[in-house]
Every structure is written in C-alpha cells, then in structure tokens.
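Asker: Quick note, the sequences are listed as chains Z and W, same order.
If you read the first sequence in full-length UniProt numbering, its first letter stands for residue 1, the second for the next number, and so on.
If you read the second sequence in full-length UniProt numbering, its first letter stands for residue 1, the second for the next number, and so on.
Warning: the hint list may mix true and false statements.
Copies of one chain are not kept apart here, so a pair can be met inside one copy or by any two copies together.
Stated by the list, open to error - Each computed DSBU-like pair below joins lysine-lysine, with the alpha-carbon atoms no more than 30 Å apart:
no., residue 1, residue 2
1, Lys157, Lys70
2, Lys59, Lys248
3, Lys14, Lys59
4, Lys279, Lys69
5, Lys248, Lys70
6, Lys85, Lys117
7, Lys59, Lys117
8, Lys111, Lys15
9, Lys279, Lys157
10, Lys248, Lys279
11, Lys117, Lys14
12, Lys59, Lys70
It should be emphasised that the hints constitute simulated quantities derived from the structure, not laboratory data.
Everything numeric in this text was worked out from a predicted model, so none of it was measured.
Number of protein chains: 2
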Amino acid sequence: MADAYQLQNGGGDKKPLLELYVKASGIDSRRIGACLFCQEFWMELYALYEIGVARVEVKTVNVNSEAFKKNFLGAQPPIMIEEDKQYTDNRDIEGRIFHLAKEYNVPLFEKDPAVEKRIESLYRNFKLFVRAKTDFDKGKKDLQVPSDIESLPAAIKIHYNRIVEQLASIDQLLSDRQTRYLLGPSMTEYDCELMPRLHHIRIIGQRLLGFDIPHSLTHLWNYVLTAYRTAAFIESCPADQDILHHYKEQLNLFTNQRETLQSPTKTHTLPETVLDEIKRIGLDRK
Amino acid sequence: MADAYQLQNGGGDKKPLLELYVKASGIDSRRIGACLFCQEFWMELYALYEIGVARVEVKTVNVNSEAFKKNFLGAQPPIMIEEDKQYTDNRDIEGRIFHLAKEYNVPLFEKDPAVEKRIESLYRNFKLFVRAKTDFDKGKKDLQVPSDIESLPAAIKIHYNRIVEQLASIDQLLSDRQTRYLLGPSMTEYDCELMPRLHHIRIIGQRLLGFDIPHSLTHLWNYVLTAYRTAAFIESCPADQDILHHYKEQLNLFTNQRETLQSPTKTHTLPETVLDEIKRIGLDRK
Numbered sequence: 001m002a003d004a005y006q007l008q009n010g011g012g013d014k015k016p017l018l019e020l021y022v023k024a025s026g027i028d029s030r031r032i033g034a035c036l037f038c039q040e041f042w043m044e045l046y047a048l049y050e051i052g053v054a055r056v057e058v059k060t061v062n063v064n065s066e067a068f069k070k071n072f073l074g075a076q077p078p079i080m081i082e083e084d085k086q087y088t089d090n091r092d093i094e095g096r097i098f099h100l101a102k103e104y105n106v107p108l109f110e111k112d113p114a115v116e117k118r119i120e121s122l123y124r125n126f127k128l129f130v131r132a133k134t135d136f137d138k139g140k141k142d143l144q145v146p147s148d149i150e151s152l153p154a155a156i157k158i159h160y161n162r163i164v165e166q167l168a169s170i171d172q173l174l175s176d177r178q179t180r181y182l183l184g185p186s187m188t189e190y191d192c193e194l195m196p197r198l199h200h201i202r203i204i205g206q207r208l209l210g211f212d213i214p215h216s217l218t219h220l221w222n223y224v225l226t227a228y229r230t231a232a233f234i235e236s237c238p239a240d241q242d243i244l245h246h247y248k249e250q251l252n253l254f255t256n257q258r259e260t261l262q263s264p265t266k267t268h269t270l271p272e273t274v275l276d277e278i279k280r281i282g283l284d285r286k
Numbered sequence: 001m002a003d004a005y006q007l008q009n010g011g012g013d014k015k016p017l018l019e020l021y022v023k024a025s026g027i028d029s030r031r032i033g034a035c036l037f038c039q040e041f042w043m044e045l046y047a048l049y050e051i052g053v054a055r056v057e058v059k060t061v062n063v064n065s066e067a068f069k070k071n072f073l074g075a076q077p078p079i080m081i082e083e084d085k086q087y088t089d090n091r092d093i094e095g096r097i098f099h100l101a102k103e104y105n106v107p108l109f110e111k112d113p114a115v116e117k118r119i120e121s122l123y124r125n126f127k128l129f130v131r132a133k134t135d136f137d138k139g140k141k142d143l144q145v146p147s148d149i150e151s152l153p154a155a156i157k158i159h160y161n162r163i164v165e166q167l168a169s170i171d172q173l174l175s176d177r178q179t180r181y182l183l184g185p186s187m188t189e190y191d192c193e194l195m196p197r198l199h200h201i202r203i204i205g206q207r208l209l210g211f212d213i214p215h216s217l218t219h220l221w222n223y224v225l226t227a228y229r230t231a232a233f234i235e236s237c238p239a240d241q242d243i244l245h246h247y248k249e250q251l252n253l254f255t256n257q258r259e260t261l262q263s264p265t266k267t268h269t270l271p272e273t274v275l276d277e278i279k280r281i282g283l284d285r286k
C-alpha cells in the first residue's frame, strides 16, 4: 500500500517514531506528489529529526488504491502515525509536532503576526492567477507556449499584479530583516509554509504560465536559494514533473509524455543574473 | 459545480458571510456526504449563525468534478470562503471560527483536557474495529448478515472491547457531570467533534457490523438524544444511506441498490428500551 520512501533512524530507541504518509505523484506512486501540506509537515518533522528529537519515516501513498482507502477510511494525506495513534487532521498533526517542539525547546512555532500577514494570502492569490491565465490560454493556437503577461486582459492582469505586489512585500521584509529565514537564523513553521509555495509558484510559473518571480527581487530570490540549501526542503521536495502534473490534473489540461516519461528533475538553481546579483551584494555569505 | 444546499441569511448585512463547501454524497452530489470534518465545522458555523454573529451558506461539492478540481486546485473539503479569502486547511478554518467566536464572546472553544482525553482516540479505534470486522466477515457465506460479536476471534474482539470501554468512560463522565453537553449547558467544539462520530459509530455499527452502543450506557444514549435535538447537528447530518455508502466505498464492499435508490432517511431516534430508561430516571427533562 505504501512505499517506504525514506528511513531515518537516529540511533536512540526512546525517541518517538513518527510516520508521515504523504500523497504520491500521479505519475509514479513511488514518487512524492505535490501536496503542500504534506511537504510542510515533512519539513517540520525533519527539523525535529535533525536535532535528534524524533525518528521519522515518510511513506508515499496512492490515495486511489483500495488498500489506502481501507486503511484510512476516507482520510486524506498528510496522515501521521505514532504508535497506535493516527493523526488524520492537520490540526492534530500540528498539535503533536507543536508539543514535541515545545518539550525540547525547538523554536519552530514562534509567532510573528507581521510575517503571517505578508505570507497568508500569497498562494491563494496565485491559485486565482493560475486558473484565470490557463483558462485564457486555452483559446490560443499553440497551447504549448503560454501567452505573454503583457498581452493579458485587465481582468487577468489584476491577479498578476497582486502576486507581484505580494512577492515584493516579502522581498522588502527580508531586506529589512536581513535574516536567513523569515524570523531569524533558524527555520520556523512560516518557512515550512512559504518555501514549498514559492517553489510551486516558480515551477508552475515557468512551465505553465510564462511567469517568473521578478528578477529584481534579490532578497526573495536569495530566500529561495536558502530553501535550495535547506535539507528539510530538499528532501521533501517533489520533482518538477510531479508538481506540473498535479496542476495539469486539477486544471484538466492535456498531459504529454514529456512529463510522464521524463526522468524526474528538480530545479534547485537560480537564474544566472539573479545569482550574480546575490553574490555581488554578498547576500549569499550571510 | 456546487449545489447550494442551504441559505441562511439572518438579515443584518454587516455580518460576515461564511461559505462552507462540504463533500457531497457519492450517491447523489446534491446530498451531504459523510465527511466528519465538514460536519464538525458546519456545526460550529451553525452555532455562530444561531446567535446572529455570521451569515452562513453551505454548498455540497462533488470532489471528482472538473469544475471543483479547477476551482480549488487539489484542495479537499471542508473549504471555507469569506469574501475573497479561501480557507483550505482545517487549521485555518478553525482559526477563523475561533477568532469570530472570541470576538463575540461565544464559549465555543473552552478547553477541557479531561474531555479531550476521553474522546480523542474513540473514532480512531472505531476505524480499526470496522476494518478488522469487515475483513473477517468477508469470508462468510451470507455477506448481508454481519457475524455475531461473541463469535469473533480474540484479535478482533480486542478492538470491540476497546470501543466499549471508551464509550463507557464517556458515559461515566456524562453521568458525573450531569450536563446536557460535554462541558455544560451549551455546545462546544468537543460536541461538534463527538456527536457526528458517535452517530457514525451507531449507523455503521447497526448496518455493517452487527454492533450497537451498549444499551446500558444510559447517559451516553441521552447525549445522543441531545444531538438529535440540536439544530446544528440535525441540519448538518448526512442520511443513513450516505453514511453507509461512504464506508462501503472506502472498504471496497459491494454497494447494493437498497442504499443508492432508497429515499434518504435519517435515524434520529433511540431504541425504545433505552428511551424508556432515560425517561424513567428523568434525564430527558434536564
């Protein structure tokens, strides 16, 4: 039913063992799918694993398999299991991780309303943009090439503008704070939320929308680079093809063999000019 | 995409309008499906609506429809919408309801660790029992008649015993407290969690497992009766057939026309002897 994706046992046998069931890719059920909540919790669990608080096992599950349905009776990933306890609700999963973090003084759940406000509606607005733009592009001749942003009607451009504004406001916050992660030198739940979403925006922007995070947002790009250098993010990140496949499936777009037969790849590099600018102003050495 | 299930507009136009998208039944997408989180939030929203804090609209959605997938890009019900904000995460939905309740001093989220401990693993254990018993019954000649609890092998009976013990401990708590709801005279989030789960246990027990909540647990049955007299529960409750269909689907059991063609019915009555006992000791007059 579940393919063991990763085994991470850190010696000590008194540590709690947390099993996380994440949604498999629609291309290959042994690969990680593009479920954002799954990646978010995986990153949090990774943080606990890294400092030796817990043992963590992650398994990909095919939600359409009879075995999965029977075992979980209608629950959807992410699902966390600890001994005989099954956590099928995001509130409960987070509650358990929160208590473990608290018990071991891991500053994973520090609160910051300013950060919360900046990031909360970004992905929601991105989804509106994806829907509007792909709908618009369906009328086009060459479906493989997304239409130019500049040529969009005002009703769709409004979504684009909102995304860019929000990305700029996160860039500004990062520039003001001059920190590696959103709250400081170490990763918190806000990063576990934002990093996967930014990566989806980047991959889907590039492959489906003809959109990129503006190259002028150097601090934001540097934050993306931080994600690409954070083990918790890298380990839990689906391949580009699996991310694209997920959106195409939901949008009822034609899936071509380029994605389903390709060897999975992960874009974890930055555009060259952006990387040069980051190096020039020395952000990468912070 | 969504069928408007219910419109509940309480006059005042400054009240926030909260739209809740709940999973439709697999039998008929205009009917409510057996999604426990959906019912839980629906009950909480109903509580806010009842006292005039918010306007609430509930819509059933067919999660397999292209329109749904496109609108929500992979998110699953329950989904709550307020103005242009989409809440697709149980943590966010609860967070919003929590803040509204707090703003208007609605005691919906009072904490009670003793109650939390008693109810937390009940449904999880029930799922283990459902799976083990239906697996066992698959080997039987007459698949329509569930095997007798007494005849079960020890490995399955252990699940049964655990459920009965937990139900008895909730009965004891209700007997000690002598309250209408778990915490007092008014409904809290704990009731929104427990009532739908108890009802599923009852319906699935009766129709699939040959199991009933022990009739000796008078205080627990009286609590079930309270659910059947609580508007928030009644309104949000799926029909028996839709509950049964959900479990059969997950368990990969044969669905017969009895369920799919029957007019939907809701069992909101108690066994006669239990009701007599409740009346005899005067619980129903509290």
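Asker: What are the numbers of the hints that this structure violates, sorted from low to high?
Answerer: 4, 9, 10
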